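As you go down the protein sequences, you meet chains A and B in turn.
The numbering used here numbers the first residue of the first sequence as 1 and each following residue consecutively.
The numbering used here numbers the first residue of the second sequence as 330 and each following residue consecutively.
All the given hints hold, so there is nothing to weed out.
Here are the computed lysine-lysine pairs in the DSS-like style, where the Cα-Cα straight-line distance is at most 27 Å:
| # | chain 1 | residue 1 | chain 2 | residue 2 |
| --- | --- | --- | --- | --- |
| 1 | A | Lys34 | B | Lys596 |
| 2 | A | Lys68 | A | Lys15 |
| 3 | A | Lys8 | A | Lys175 |
| 4 | B | Lys408 | B | Lys451 |
| 5 | A | Lys175 | A | Lys11 |
| 6 | A | Lys245 | B | Lys591 |
| 7 | A | Lys175 | B | Lys593 |
| 8 | A | Lys122 | A | Lys56 |
| 9 | B | Lys564 | A | Lys257 |
| 10 | A | Lys34 | B | Lys591 |
| 11 | A | Lys245 | B | Lys596 |
| 12 | B | Lys622 | A | Lys200 |
| 13 | A | Lys90 | A | Lys121 |
| 14 | B | Lys593 | A | Lys199 |
| 15 | B | Lys451 | B | Lys409 |
| 16 | B | Lys593 | A | Lys245 |
| 17 | B | Lys564 | B | Lys384 |
| 18 | B | Lys622 | B | Lys633 |
| 19 | B | Lys457 | B | Lys525 |
| 20 | B | Lys631 | B | Lys564 |
| 21 | A | Lys199 | B | Lys622 |
| 22 | B | Lys596 | A | Lys199 |
| 23 | A | Lys200 | B | Lys593 |
| 24 | B | Lys593 | A | Lys257 |
| 25 | A | Lys200 | B | Lys596 |
| 26 | B | Lys564 | B | Lys622 |
| 27 | A | Lys8 | A | Lys34 |
| 28 | A | Lys257 | B | Lys596 |
| 29 | A | Lys199 | B | Lys591 |
| 30 | B | Lys591 | A | Lys200 |
| 31 | A | Lys257 | B | Lys525 |
| 32 | B | Lys622 | B | Lys593 |
| 33 | B | Lys524 | B | Lys564 |
| 34 | B | Lys593 | A | Lys34 |
| 35 | A | Lys257 | B | Lys524 |
| 36 | A | Lys56 | A | Lys86 |
| 37 | A | Lys8 | A | Lys20 |
| 38 | A | Lys257 | B | Lys591 |
| 39 | A | Lys15 | A | Lys56 |
| 40 | A | Lys52 | A | Lys199 |
Calculated directly from the structure, the hints in this document are not laboratory data.
All of these numbers come straight from a predicted model, not from anything done at the bench.
The chain contents come next:
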Amino acid sequence: MTPLLQVKKLKVSFKHHFKKIDAVREVSFDLLPKQTVAIVGESGCGKSVLIKAILKLFSSSASIQAEKILYGGLDLNLLTEQELQKIRGKEIGVIFQDPMTSLNPTMKIGDQILENILLHKKSASFQEAKNEVLNLLALVGITDPAIRYYQYPHELSGGMRQRVMIAIALAPSPKILIADEPTTALDVTIQAQILSLLKKIQETRGTSILLITHDLSIVAGFCDKVMVMYAGKIVEVSDTASLFKDPKHPYTIKLLKSLPRLDVQPNTFLQAIGGVPPDLSTEIQGCSFAPRCFATMEVCTRFCPPSFGLEQRECACWLLDPRATKVKQ
Amino acid sequence: MRKNPPLVLVNNLKKHFPTNQGMNKAVDGVSFEIYQGETLGLVGESGCGKSTTGKALLKLFSLTSGEIFFEGRDVSSLKKRELLSFRKDIQMIFQDPFSSLNPRMTTHEILKEPLIIHKVFKNRAIEKERVYELLELVGLDPSHANRFPHEFSGGQRQRIGIARALALNPKFIVCDEPIAALDVSIQAQIINLLKKLQIEMGLTYLFISHDLAMVRYLCTDVAVMYLGHVVEIGKSEQVYTSALHPYTQALLSAVSIPDPEKEKARKRIVLPGEIPSAINPPKGCVFCTRCPKVMPICKIEKPKLREIGSGHQVSCHLYQEN
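Chain A extracted, bound-state conformation:
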């Protein structure tokens, strides 16, 4: 299958107080049609920067370099601002994290969805577009669409606002939906509602979903493929089932072990990962996880590990080199 979105060697850096911060350090990945892919990582690992860079949502302070960012035969990195506007929202929709601040507080929610339809479907009449809004509101599970249409964001709860955000993103029927931490600001019961809604949309509309999250546990039931990011790099790529059954990268192994689980009898102590993620404004020599790793070798502190391929999976760790000693976890 030809990938819908193909990113190759993407690098993003920012200038901040005379320092250069390398937020994304060479990331490559493919997104296939109808696939759900998760990018998992802690805050500051560059996962949000990555998706913003794909759509070039940064001001001039960021420098974005990439071999290619291919979407439907077009290299997004080479497009002009005007050409990009036709892709943003229309082809690739984004649901942002915080539904409290991403909606316009001075506009009725119906008009905010309507705006996105009229912007991308210039041929639609006002009445057609309005009917479409009502359909969308019903699709995302908002009761009484005709009444809700005229409400302002402050009149809705967090979960309802997130549904409105999803409706806005879905309005021009995008082929890719990027969801940046869509459930982080929500309560657990509402989180379950939103995830099942996204799943339903994916099944009925065949949209590809790129889910950005820090929560490995929501990935398990939701995604086909997982990419684990650490300090601006993708350290492990795998299908969901094998990642959870047999994680390869020490970071993934430790991350999975540090999660509290309801299905396992609790021990006295959780297995925490010691230390903190590295400072991205300094040059990192060798593997960025080496200072926190349980199996650091001499090579890890000197050279950056390449990506080792293993049947459908990839992992950037020296342990997978045939010359490495086998380590017991």
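Assemble chain B onto chain A, guided by the hints.
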């Protein structure tokens, strides 16, 4: 069953806030007890009144009605000097490590402040020693004492918050979502630290959280709150292995398990709708608007908290008292 009286006893606590639309019944009749050296987890969704309950225990505001006993003494009757010593015994760890530390004070000054207020030491040098001791206790380098909060990461700041709460050797600490703002890998560090401190210093915690999986690791007892009411309370194992209240069951089923096979095999209870407003709560059972097992009686009569197993209480019409 237990020999000692509870350290903290809360009896029918109510706190209503006046608003333009009417009374916001944030906490509406909550009772529980916490014993020395144990941890009660208070779980629920945002707006269920769990933080208000925590703040009420610290006597941060006056109660609408109800009583709180600390070491057998009614907290509301405490006057000046007694109140000062009560404040020493009971401390709080806040949710947001970014806004709960004064950005203009160094770590040393932050940790010194409670010691000065309560005039613990007369000697500056001993005071300084205590600050270093506290930093070591929470796993920070004492040489960082002169740094400002912004120079630390989120997890380290939360450690400073914990050190501040420990400064006066309290008996009881209210932890208000101490890990909600932290990354997954750091959350485990903080939970382990809290657990270690509890074992070493014999602390008692009220742990407020919406993260059910974490609560299970730390807490001996769990109380589930919904719209200002405790709907289920019991030993952790009882609540987690045999949850009785439909709300607790839904909450537990909403927690994702990091295992794709188990996740697929699981049947998830997705609750319809959202938590109603505390200004105008439903008549009868507070959960009746979202309950998958709702019965006609639920909309008329408010269920009482009944004891089902030993120490396991639930407020639901589905269960009869043994």
